[in-house]
Amino acid sequence: MALTRTAPDRARGTRARPPGAGRPGWRRRRDAIGLVFALPALALFAAFAIYPMLRVFQLSLYDYNLTSPPVWVGLDNFRFLFGDDRFLASLGASLFYVVITYGPAVLLALVLALGLNNRMRGSAFVRLLYFAPVATSWVAVSVIWRLVLQPEGLLNQTLNTDIPWLTSSTWAKWAIAIAAIWKEVGFFLIIFLAGLQNVPKDLLEAASLDGAGALRRLRYVTLPLLKPITVVVLVMAVIRGFQSFSPQVVLTGGSFGTEVINLFVYKTAFASARMGRASAVAVLMFVLLLMVTFVQLRALRRSA
Amino acid sequence: MSTRARARAVLIPAVAVLAVTAACGSDDGGSTGDGGQIELTYWTHTHPPMNELNEQLIAEYEEANPNVDITYEMIPNNDFGTKMLTSLSNGSGPDIINMDDSALRGEYIPKELLAPIDPAAFGADSVEELEALYVDGTLDGAKGEDGTLYGVPSEFNATAFAINTQHFADAGLDPANPPQTWDDVAEYGQQLVAAGHEGFNFVYLHSGWYTQQLQTLLNETGGSILNEDGDGSALTEPESVEALQIWYDLIREDQVGNADTASREATSPFEDFASGRRSMTMIYPWAVEQIAIDNPETFENLAVVPLPQVDPANPSGRWYGYYFAVNKASEQQEEAWRFIEYMTSQSERWLEDVSFVQPLQGWEESPAAAEIPFLEVWSQAYQQGRFDEVGPHWSEVQDAIKAAIERSIFDGQPPAESLEEAAESVEQSVTS
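For the record, the sequence lines run as chains S and X. Under numbering that gives the first Met the number 0, the first residue of the first sequence is numbered 0, with each subsequent residue one higher. Under numbering that gives the first Met the number 0, the first residue of the second sequence is numbered 0, with each subsequent residue one higher.
Since the hints were derived computationally from the structure, they do not count as laboratory data. A virtual CB, placed ideally from N, CA and C, is assigned to each residue, including glycine. Careful: at least some of the hints might be erroneous.
[Unchecked claim] Pair by pair, the computed Cβ-Cβ distance ranges are:
no.: 1; chain 1: X; residue 1: 125; chain 2: S; residue 2: 151; range: 52 to 60 Å
no.: 2; chain 1: X; residue 1: 47; chain 2: S; residue 2: 138; range: 49 to 57 Å
no.: 3; chain 1: X; residue 1: 382; chain 2: S; residue 2: 136; range: 44 to 52 Å
no.: 4; chain 1: X; residue 1: 226; chain 2: S; residue 2: 136; range: 44 to 52 Å
no.: 5; chain 1: X; residue 1: 360; chain 2: S; residue 2: 142; range: 54 to 62 Å
no.: 6; chain 1: S; residue 1: 32; chain 2: X; residue 2: 51; range: 57 to 65 Å
no.: 7; chain 1: S; residue 1: 67; chain 2: X; residue 2: 344; range: 34 to 42 Å
[Claimed, not checked] If you want the footprint, here are the derived chain X segments under chain S, 3+ residues with CB under 8 Å:
no.: 8; stretch: 79 to 91
no.: 9; stretch: 110 to 120
no.: 10; stretch: 174 to 180
Use the sequences and the hints to build the structure in full.
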């Protein structure tokens, strides 16, 4: 038994190893060379991703307006934010946007994926149609929706209403959610479709033979097997939701209760030049997203 | 691995790192090219007639000074303040800026981002001598609290009122008898609405526009944004509430205009009036030229009249200006001031071509001024104005005011309640 396992392994090893691979220190040299090759990419990543992130953590403890040297304020920025109505309102706006946009978008994507998973004529074209908004930039999509949502725009004409979609605190956040659902469904649809391709056909056939109808097969076979994908989708949905910026800027400029957290950070940092306070918001959001993701992953493990 | 291969494995990535580092560090923002060539950068906001004249003047200056290259950038209006402040703050801004007085006094001067003016570039021996060239008080928009002067006006604006005489005729109104009070605006506006026009409306663009229009009304009611010490809000004072109440009554109660359908195109702030949709609007001198370009038919029917008043016996108005100034971090300050001197020496062309008033002493008697329409109205408006208030973290204050106006005008919240919310935000901004 041992012979039959080691002989081919040794043979494979002999073929795969470069000359001199057996010499002492070879592995260390190989690692060093690999590291050298990776160095440019690592240097860029460190300079443009890691360092700014660390600076944000550091700056969150300072009062810094870009022109004067940073002044240490400890946790004052965080203390201020917890009592700041504008920050809390922007947090609320972001939460609203995440729930109202990505809840329906994920659900709709799942339903559409289940429908489009069957091979039928034209399904590839329909998939492409749903994916087209994903490939379009947020700014372009927002400009299109601004036309649709104008007082005399397509939506009001279709509904025969005169709703001020973009100039009312009641409607603006819903209007942005409608546009965002339209854009984001395709993204999650593709992920769900990929997940559905991996659901074993024999399990579904076995369930059919056992007398399970379409709904029972969905509930007891397909959805449980889609759970890992669903968690990935939910994590991505929350992150994408909290990262939202462009639709709010283009459609409302952050007015009418649509100043989401990223827009608040942008204005705090670059219009008010309060870099320390803006960094503190970024740190809080980092922690919040980390916690949400952790909870989602734990929930997956528990249900698995 | 051979020695050569090892060397290659180490050297290639190292060279790549060096190349990237060199590329990142190669632009040191230097403004002096080879052979003594001087490179200047100049940023303005977007206003097509002004942009065109700037390009002409730059070309002339470069022709007369072959050793000077000027890179001119027009920044979209909604991003202008943010981009300018950020770039100046991190030392990468242009050599020459053209910026409004609120931003100068509220942000740039207190943050020491600008170079004090160089009177020698203007042929003056002292700042006092330079100041004497301008109408009294008109340079205050570019002065620090200690009186240091940081710029000269590219345009100096007072506020008046525009009416469309054809619309007035449609509504059976006499254009020779324009509205004198805001009550008149409400009355006339309703008649104009009945005649199928939008009677009157304010302009709903960025927070600066919201604030300046409220400030115009505050000047008339005697209200203010900040208290006398500048460390708290005065928005809940009755005079301040009255200002927003005028706005609220006109749009929500008298319904002389629809805020929901107002244009939000910042490049052409008076689009609704120019397009012939709106009958009455507040107006500034520079807008006249833009209306003439956008719609000659509206321009034919344009009349500029004095700004309606809360108390016509004690008229009030609002001044604001844009000023040429020089980045303190510029390495070409001397040449930058020389270029600005050239720009201001063309004051007649600014007036003729783009209706920009550069308030040099006696500008009203100049041949160019004689050609500008409604000169007597503008002259009167220049007599009764004052600059806007500013304070610490003014962009946040402007955001709070914009939000308050939107709550009242778009959502219907009573002005007193809305301003109470705004007052809390303003106090927090100016004290933290």
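Going through the hints against the structure:
The given range of 52 to 60 Å is respected by residue 125 of chain X and residue 151 of chain S, whose C-beta atoms sit roughly 59 Å from each other. Between residue 47 of chain X and residue 138 of chain S the beta carbons are some 23 Å apart, a value that contradicts the proposed interval 49 to 57 Å. Checking the proposed 44 to 52 Å range against residue 382 of chain X and residue 136 of chain S shows it holds: the Cβ atoms sit about 50 Å from each other. At about 46 Å, the CB distance of residue 226 of chain X to residue 136 of chain S agrees with the hint of 44 to 52 Å.
Distance hint for residue 360 of chain X and residue 142 of chain S: a CB-CB separation of about 48 Å, inconsistent with the stated range 54 to 62 Å. The hinted window of 57 to 65 Å between residue 32 of chain S and residue 51 of chain X holds, with their beta carbons roughly 60 Å apart. Checked against the hint of 34 to 42 Å, the pair residue 67 of chain S and residue 344 of chain X passes, with Cβ atoms roughly 37 Å apart. Counting residues of the stretch 79 to 91 of chain X whose beta carbon lies closer than 8 Å to any beta carbon of chain S gives 6, which reaches the threshold of three, so the coverage claim holds.
Taking a C-beta to C-beta cut-off of 8 Å, the stretch 110 to 120 of chain X contributes 3 residues in contact with chain S, enough for the three needed, and the coverage statement holds. For the stretch 174 to 180 of chain X, the proposed coverage by chain S is not satisfied: 0 residues have a C-beta within less than 8 Å of a C-beta in that chain, short of the threshold of three.
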